[in-house]
Amino acid sequence: MGFVLLISGWVLVLAALMLLGGIAQRFAFILAGLAVELLGLHLLGSAYKELQSVPRKSGAQR
Amino acid sequence: MNLTLCLVAIMLIPLAVAGLALIQQGLGRSRSAAHAMLATLCAMGIAAIAFVLIGFSITSFQGGPAHTLAVGSFHFDWIGAEPLAASSLRFDNSIDILAALTLCFHLFAVGIAAIIPISAGSDRWRIGPICAATALLAAFSYPLFAHWVWSGGWLSQLGPMFGIPAFADMGGAGVIHVLGGLMALSVVWIIGPRRGKYSSDGMATAIPGHNIVLVVLGCLLALAGWIGLDSAASMLFYGAPPEQVIAIVINAMLSASAGGLAVVATTRIRYRKPDASLSANGWTAGLVAGSASCGMVSPLVAIFIGLIAGILVAFLIENLELRLQVDDPGGAVSVHAGAGIWGLIAFGIFGPASAGTTAENILAQLVGIATLCGLILPLLHGGNLLINHFIRFRVDSDGDWQGMDIRELGAGAYPEFVIHADEFVPR
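Heads up: the protein sequence lines correspond to chains A and B, in order. Going by the working numbering, the first sequence runs without a break in its numbering and finishes at 62. Going by the working numbering, the second sequence runs without a break in its numbering and finishes at 427.
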């Protein structure tokens, strides 16, 4: 999901450049694209954090 | 372009590699010191060979051949079309100076991007996967983004295509450092934290670096290398005149100093005593952030950029380690990706307004940052996951306790100093 959001954010940024003309509109959509990417980063980071805390909690040896 | 000055600047770049290698080695544990240095050497070698064999055909050079992708009425210059193995270059009287110098510059620049993640994977990332991941980075990811920014690719043509200024990265803050920092983040996600770094309830344990003297020496070496890196990139890709190189030297020193001093003050206020390793990271962060604008801003702005980079890095390192459990012993993610992104935004804010308004400049920089995070990071991470599927990134559990020197090299970096004998006892 994080992966999809990262790429979706970039597509949003590209779409803003290709489809919009005004600087304010472009700014708003590019910031929205970056926010989507940030959410993707957060999801990816949280998923890995969760994944790595499971062996610690169960006492498993890596 | 002044050929001699550019060549001298390029020849200074290996000092940045040496500096970063010392910083990374000193911030890691003594039982993995030889491994870290050998990994750096291997990564540099693999990166240079992979770049010449494949990467340069993707990167190409300004005015060189390239493929375009038509999307509606827009034509994206997305990949270079040089022959493989740099076979089109001639080094006789008919030499194309720009192409040859571009290749020469990238040979070292791609090495810097390749060694950045090694510090993040310190104490657990094996040499085999390091070489494989480096080859992928140097052959595909780095060349692609370098082409977009420095060789006439679509990010450098935002003006004709979309009516906003080009994404600008004068010294490689984005192309080299953010890319390397994102690679480090991907590696840390895959290999996880060092064993014993976090308790079962998620509390972090401090694992200090083993040689702060080398770290600080590395900072000083890195300064000389950075001056070469910033100067060479500015002259090669933005046509900076020799007079501007003076401003590049002054600004590099100022932003590094401001970054280092900002962390000295921050840690002095927060922990009552300055933290030497964090301050070294602040120095490097100042250099990284200052790379985006190099000699294009005033000395006062360079100090401000370094100052914010230092404060940002102190904050990022702590939060990544404690809240997000990103175990990055060398601070590569914060120093290179974090400070690099700040530097790119700062250039949008404070850079020359000749190409557009400040808002348009910031917009162009944000497009570049979004491309790095939204396209290059998934590419890097997908490639790393693929490699990890075939060659496991992380050392086995015995190696975790023995240290990478004994496990992978069969001998330690400091055989005469047995001060951590308990580390070899199985637990």
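Hints are computed from structural coordinates only; laboratory data are not their basis. Bear in mind the structure is a predicted one, so any value in this text is a computation, not a measurement. Keep in mind that the hints are not guaranteed to be accurate.
[Said to hold, decoys possible] Among the chain A residues that face chain B by a calculated CB cut under 8 Å, a handful are:
id, residue
1, Met1
2, Trp10
3, Gly33
4, Leu39
5, Leu41
6, Leu43
7, Ser53
Glycine included, each C-beta is placed from N, C-alpha and C at the ideal position.
Each hint tested on the structure:
{"no.": "1", "hint": "Met1", "result": "violated (12 Å)"}
{"no.": "2", "hint": "Trp10", "result": "holds (3 Å)"}
{"no.": "3", "hint": "Gly33", "result": "holds (6 Å)"}
{"no.": "4", "hint": "Leu39", "result": "violated (11 Å)"}
{"no.": "5", "hint": "Leu41", "result": "holds (7 Å)"}
{"no.": "6", "hint": "Leu43", "result": "violated (12 Å)"}
{"no.": "7", "hint": "Ser53", "result": "holds (6 Å)"}
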